[in-house]
Each structure stands twice: as structure tokens, then as C-alpha cells.
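Asks: Please put together the full structure from these sequences, using the hints given.
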Amino acid sequence: AVHPGYGFLSENEAFAQACARAGLVFIGPPVAAIRAMGSKSEAKKLMAAAGVPTLPSVPLAGLAPAEAARAVAGLGYPLLVKAAAGGGGRGMRVVRAAGELAASVAAARREAAGAFGDDTVFAEPCLDACRHVEVQILGDADGHLVHAFERECSIQRRHQKLVEESPAPGVDDALRERLCTAALAAGRALGYVSAGTVEFLLDAAGRFFFLEVNTRLQVEHPVTEAVTGLDLVREQLRIAAGECLGYGQQEIARRGHAIEARLYAEDPAQDFLPSTGRVLVWAPPTDPPARVDAGVASGSEVPTHFDPLLAKLIVHAPTRAEAAARLARVLERLRVHGVTTNRDFLVAVLRHAAFLRGDTTTDFIERHRPARRREPDAAEIRLAAIAAALVAQAGRRAAAPVLRAVPSGWRNNPAGLHETTYRHGETRITVGYRRERDGSFACQALGQQAVARVVGLAGSALDLELDGIQRRLWVTREGAEHWVQTPAGEVRLTEVERFPRLAREEVVGGCVAPMPGRVVEVAVAAGDRVVAGQKLVVLAAMKMEHQIVAVADGLVAEVRVTVGAQVDRGQVLLVLKEEGESG
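Quick note on numbering: the sequence shown equals residues 60 to 642 in the numbering used here.
Just so you know, the hints here were simulated from the structure itself, not pulled from any lab data.
Glycine residues also receive a C-beta, built at the ideal position from the N, C-alpha and C atoms.
Honestly, I wouldn't trust all of these hints.
[Stated by the list, open to error] Label pairs and their in silico Cβ distance ranges:
hint : residue 1 : residue 2 : range
1    : Gly454    : Tyr65     : 38 to 46 Å
2    : Ala457    : Gly336    : 21 to 29 Å
3    : Lys104    : Ala356    : 54 to 62 Å
4    : Ala356    : Gly586    : 24 to 32 Å
5    : Gln507    : His364    : 41 to 49 Å
6    : Val571    : Pro118    : 33 to 41 Å
Replies: Encoded structure:
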């Protein structure tokens, strides 16, 4: 037997057929169900015939821009252009005005072709302030079909889920009954066998509309497992082995509340731009208890070719408030050093007043603007900088071939302090320290003096006494970069070179690649005038497209890349200059 996981392979009709031809059991629904749901536009027709509420849609395949504009006129704006052959937020574009349609359709087609090998797209009305609610279903080959209640997945960016939970905070018992009844109708229309998910959009008036059927296990399935006690993978295996469910709808009950957070290698402060690199440290906490399903370990590389999901963290508690508070603590205590993640952003979401009162619509991030980056206060930055400096000096002393007993930074001047300068964002912190005869350190940072004592240092774990208070910290270093885990969270510091190298290419006005990727569009040419916010270059990375825009008005002096080129992070793509500027 073959279990295809919950990636795109699990919804690949050709793969399921190949398994059958090879005499292998495909752990999933019948090929006919995969085929029926493989095209979202065709799936909507089938669901409408089964009495499941759907939104109107317009196919855009083969239409020229002017034809597409006429075809969607009846839908009104905003509308959503979607890939017919896939999901996961890929091949989707919100179109707010007619002037955006042609470019949005072209981008959605490119992204869909790259992700699914099929550039077919369609358009439907875009519901802005709605909820994304889905129902878990299970069916066996004997025709038994049940649901395992609903999940809400409304906290999203780029139409990709970040936080999922069960039960849905915006669903009462009457609405839950209607949703689950519609999901079962969808399953019966498909003759569904195995685990599947029927997704809906729910508006403020309590109306819901069919979105899609995911003919596979969902990334967020653990929240359903937590509240129902079902092991969905085990159920898939049992059903694939020909067993019947062995229980009815009345035997499936909910208990408590579960929330899942998806940890991504991305920078929320840079519009959730994916980040790459090596995970230097991966260490989930053991307290408070949580389920951690991770795809990385210490030393793992995060490449540009795949989705940047690192792990999912799930907490189950008696109440929603308890689950949110506990999951926020788990994320705070998670040590993930080496790549930028959305960890602090997830904590901000889970502690946001709107989230806690259940105001969770798909425009949550845009409407409530949770902090995209945690800003440590001066005291925490000072603590982190002193910790980084003292760990670095301990490393230098241990590596010294001779005179290890001589204090680091020793000078023939008892008053002298060894200095190291760090940068945290726009803040520069110079740490001065001197090792005293009793083993303590006289320190100075951010204009304050202190006495520090290294109580213990084992690997990256540092027990540091500062200002009379002992704390457990973790310090990781890679080149000039330092990650310091404090009791309040992570502080990232960049060591400033004492003697900066002079020979370093810098292009004034250079527009650089924020990540490694492939150039799929160059929207300007040398000599073009551009305005702030105008699209310059489009990069494809991690199966998504990312626009590089002008940060100010100017003139394109030079274009250094062409479509199809592979670029590295920091590589100059083009050079802008102010009009009238010489050189």
C-alpha cells in the first residue's frame, strides 16, 4: 500500500491510477472521486446538482484579456481568480478592479502551471469578510459515511492557512448541523471512501458556499483528532484494508478545544517573504505539553524549491482561551535558530483581543494588523547582547592555543574594557566587558553598568547572572549572526565588524533579490520611469510568485537580469536612479 501524505501527490489522479496498475493499494479515495474533484470548476457543478450551496463562477480558459473582462462583468468586483487544478493558495489572485484583471489572470496561470502543471483558471466572487470553515468526513467501501465536525481555518495569508482550530468559534449548533449535513451530501454525491475534507466559505449572515473537497488528509487534521479522539491516519488505513467504520455518527463526540499553528520559514515583516538557509537549532519545549509535527531538525536546510512549512504545533485544552494561551507559550519557548520564521507573529495572533473573542475572518491580518515582529525592549536587548558577548569570549578563550588563563580582552590597563558591537534592527549596541579576578565580568551596555557572572555554559545553554538575577538563556552563533533565546523570546543580533572591509560591491539604487529564485517577469526596461509601488521584477520561489516593486519614484538606469535567470539572495536585479541624477 502507498500513503501519499497530504501534498499534491495525494490528489493526483494519474498517481492513484499508477498505484492500481502496479497492484498497490492507494490509501485514499477512489480514482473517480479524485477525478471529479480535480477541477474546482467542474466540482462546483457536481455539488450544485447535489444541493450544496455554491458561488457563481466563470471559466477563463482560452479567453483573451478583453474577452475575460466581458465574461466576468456579471460577477462584479472584487473577484477571485483561482487555479482549477489545485489549492494551497497557489494560482490565486484577488482582483479589486477591472484594470487588474489581465495581469492577475496571467500571474495566476503562471503560478498554477508551475505548481500543478495545468494553467486553467476561473473567476468567482470574492467574499472579503468571511470565515473559512471545513468539515471532516470519513466513508467506507460499504457506504457508511460520517462527519467528525468542523474546523475553522480563517487566519490566512496569501490564501494559505496559518492557524486552524476545532470547534469553529463562529459556528453554533444549528449552523454546525447545516454545515455537516451539506458536507455529507457532498460525500454521498462522490460515493466518497476514506478521509476527506469539504471546505466552505461562511459569510456574516450565516450563509455558506462550497469551496472544494480535499480528497486527502489535511495539514490541520490533528485538531480534529484532538477533539474527537479519532486517529484519522489509522482510519484511512482501516478503510483501505476493506474494513467498515464500525461506528455511527452518534458515537463521535467532541471534547475541549484544539488549535494548530503552522510555523513557516518566512518574514512577516517583509510581507511574509519566504526565508531560506540552515536550521542551526530546532528544540521544541516539553512544557507546556503540545503535539509537534516537524519536518526539520537541527542542521536541516530550508531550500527554495518547496513550501516553507517547518512544523505544525497543536495544543488541546478544556477551553479555547486555555488552548490559545498554552499554544502561545509553546511558541515562545520554541528554539528555532538560523532562519527567520513567523513564530512571533503567531504568538501575536493568538494573544490578539480580536482572535480571543472569536472575530476570525479571512481578512483578519489586514483588518486587525497583529504585530508582524516582536520588538524586545531595551532591557532584553541589553541582556541578549551581554550574553552573546560573554559566550563569544568563552569560545575564544577555549580555542586559544596559549595563555588560556589570560582574561579575554586583557590589556596592560586594568580599566580597559573589551568591546563588541552588535546591531538589532536599527539599534546598535556596544558591549564593554572585563573579566575580574573572581571570575565575574564588569559590563557596560546601553549606557548602563552591571556585574555579570557565567554560572554555567554547556553547548548553547547559558546560565547567566546579571544584575543579581539568574536566567537560563540559549545562544547560537553562525558567522556574524547571533540568536539569543531569552525568557521573553528570541533576539537576533548581527555583530558589527571592528575593521570593515573596504572592497565590497555596493550599487547605489540597486534593487536586489530578497531570496534565491527564478526570474519569471521583468516588467521594466532601461530608461523607463517608475513610481513607488510599481512592479519591477517577479521572482518564483517555493512554488509562489513574489513581486519586487519600486520603493521610490525614479528612472531605470540598468536591468541586470532576464526572464528565466536563477538569482541568489542579495543579487542586484536592476539599478534605479532619481531623474536628473548623473552617472
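Asks: Against each hint, give a clear statement of whether it holds in the structure.
Replies: For each hint, the structure was consulted:
For Gly454 and Tyr65, the hinted distance range of 38 to 46 Å is satisfied, since their beta carbons lie about 42 Å from each other. Taking 21 to 29 Å as the suggested C-beta distance range, the pair Ala457 and Gly336 conforms, at roughly 26 Å. Separated by about 45 Å at the C-beta atoms, Lys104 and Ala356 break the suggested range of 54 to 62 Å. Taking the beta carbon of each, Ala356 and Gly586 are about 50 Å apart, not inside 24 to 32 Å as hinted.
Remark: the range hint 41 to 49 Å for Gln507 to His364 is upheld by a beta-carbon distance near 47 Å. One distance hint, 33 to 41 Å for the beta-carbon pair Val571 and Pro118, holds here, with the actual separation near 39 Å.
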